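Student: With chain A fixed as given, assemble chain B onto it according to the hints.
Chains as they are written, first to last, in full-length UniProt numbering: chain A, 1 to 244; chain B, 1 to 244.
Careful: at least some of the hints might be erroneous.
One copy or any two copies: either way a pair holds, since identical chains are not told apart in the list.
Stated by the list, open to error - Once the Cα atoms are required to be at most 30 Å apart in a straight line, the calculated BS3-like pairs of lysine-lysine come out as:
#, residue 1, residue 2
1, 155, 21
2, 206, 144
3, 45, 112
4, 229, 112
Keep in mind the hints are simulated off the structure, nothing from the lab.
Quick caveat, the model's predicted, so the values are computed rather than measured.
2 protein chains.
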Amino acid sequence: MQVVGNGRHLTVGSTAPPLTKGKLRLYSMRFCPYAQRVHLVLDAKQIPYDVVFVNLSAKPEWLFDKHPLGKVPAIELEDGTVLYESLVLCEYLDSISANRPLSNPDPLQRAKDKLLIERFSQFIVLFYKMYQDINALNSDDVMKSLDEFETELAKRDTPYFSGTRPGMVDYMIWPWCERADMLTIIAGDRFSLSEKRFPKLLQWKKFMKEDEAVKGTYLDVSDYVKFFKSRQGGSGGDYDMLVS
Amino acid sequence: MQVVGNGRHLTVGSTAPPLTKGKLRLYSMRFCPYAQRVHLVLDAKQIPYDVVFVNLSAKPEWLFDKHPLGKVPAIELEDGTVLYESLVLCEYLDSISANRPLSNPDPLQRAKDKLLIERFSQFIVLFYKMYQDINALNSDDVMKSLDEFETELAKRDTPYFSGTRPGMVDYMIWPWCERADMLTIIAGDRFSLSEKRFPKLLQWKKFMKEDEAVKGTYLDVSDYVKFFKSRQGGSGGDYDMLVS
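Here chain A stands alone, though its shape is the one from the complex (with noise of 0.2 Å):
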């Protein structure tokens, strides 16, 4: 099991590090949903690779020589190469190694769980109101956003979105179900998913949670709402609290 670890955030005036040899490369940030998507794919995948850590509140000058936006995740290929946007970037990892593959071999089911993925966009959508207007934040969409990942569950009838092991539709969505509590912890208990009307989708969790890549990255949600707070109020963001 590789596991993330929580190094430190390069930040504006550092130097980038020179590459690893035989290493990919990957450009993250330790609470970041879409740069653990990306996480979780390596570390199933099994793929070598190393990670450089950057501060998004205060960004290394030359992570916008990898990066047009300075975003992360990013990935940088032994030459030199920067790609970037999480599901390119999933979608790429699962093509270059056959090792335990993600993605359906049948493009029709393919195609469905990526528009599952892209349905999924709802709830992130509901979720990033957190952020930024608490108040619009309605408990009612957020169930409605999940109903249907009840549904497909029970449609599937497997542990897993992509059977009896985590897949793409599973990794893509974790991050943002890893997080899921906070609403909880900050909005109230009234977004609190229920047994009665999430029951597979809780068990889901309760799966994923044994998965040795989601073990890997995997933090408390208290960690996730302290940094959280430690944003709030134009504060730049604790990045390094989990550093030891």
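Tutor: What follows is chain B alone, placed relative to chain A:
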């Protein structure tokens, strides 16, 4: 060559036509650039299909049985399965037919192509400002959003982004390029691409107009402007303006 034709757009109160055996069905709108992406891929790969045009200002009730948000493009398969999202559809269509593969077989090049398509969304966002708030539209922003496409064509040194024939990048960005002169007509000459800044892109545009799939769906910019104007001021839009 398949020609998309100019069928009538079904509207409120209509009945969903029965599926044609052995053909997939595309739900489309004659002036929609996202739907055009799918027409282009179907035509380039010579996949037989029938098309049902829908009026997006007064949607048929049954459209919501096909697509949860009542959008186009969507395709319906023989067994009633419906897929949507233009990029998901185009990738799916490319993967079900070996005839003229449109995606690059190399995973790295494919990832780069996907990023390029993703980067084009900058232009799309600006383009839609024409509909929302034309005064907010800055010609410098528009030119800058296209610079990297000029650079990329020069770097690739091929007539099309995908080589000697149009491929996924070409077809995915084409619909907005076909419509780009709307900006000049509606917002003024400063939106016209100069030969000096965009020699490759303007040449590419000429080459694209010679492509059979492009010819099959092509409309003159005056038609797009006419349709655009028919929708202004809260009017429903003259969806059937080309029906003879």
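Student: Would you mind marking each hint as holding or not holding in the structure?
Tutor: Status of the hints after comparison with the structure:
1. Taking the shortest Cα distances, residue 155 and residue 21 sit within 30 Å of each other only across copies (27 Å), while inside one copy they are farther apart (45 Å).
2. With identical chains, the CA atoms of residue 206 and residue 144 are at most 30 Å apart within one copy only, with a shortest distance of 21 Å there and 47 Å across copies.
3. In this assembly of identical chains, residue 45 and residue 112 lie within 30 Å of each other by CA distance both inside one copy and across copies; the values are 22 Å within and 21 Å between.
4. When the C-alpha separation of residue 229 and residue 112 is checked against a cutoff of 30 Å, the pair qualifies neither within a copy, at 37 Å, nor between copies, at 37 Å.
The structure is inconsistent with hint 4 alone, although it conforms to all the rest.
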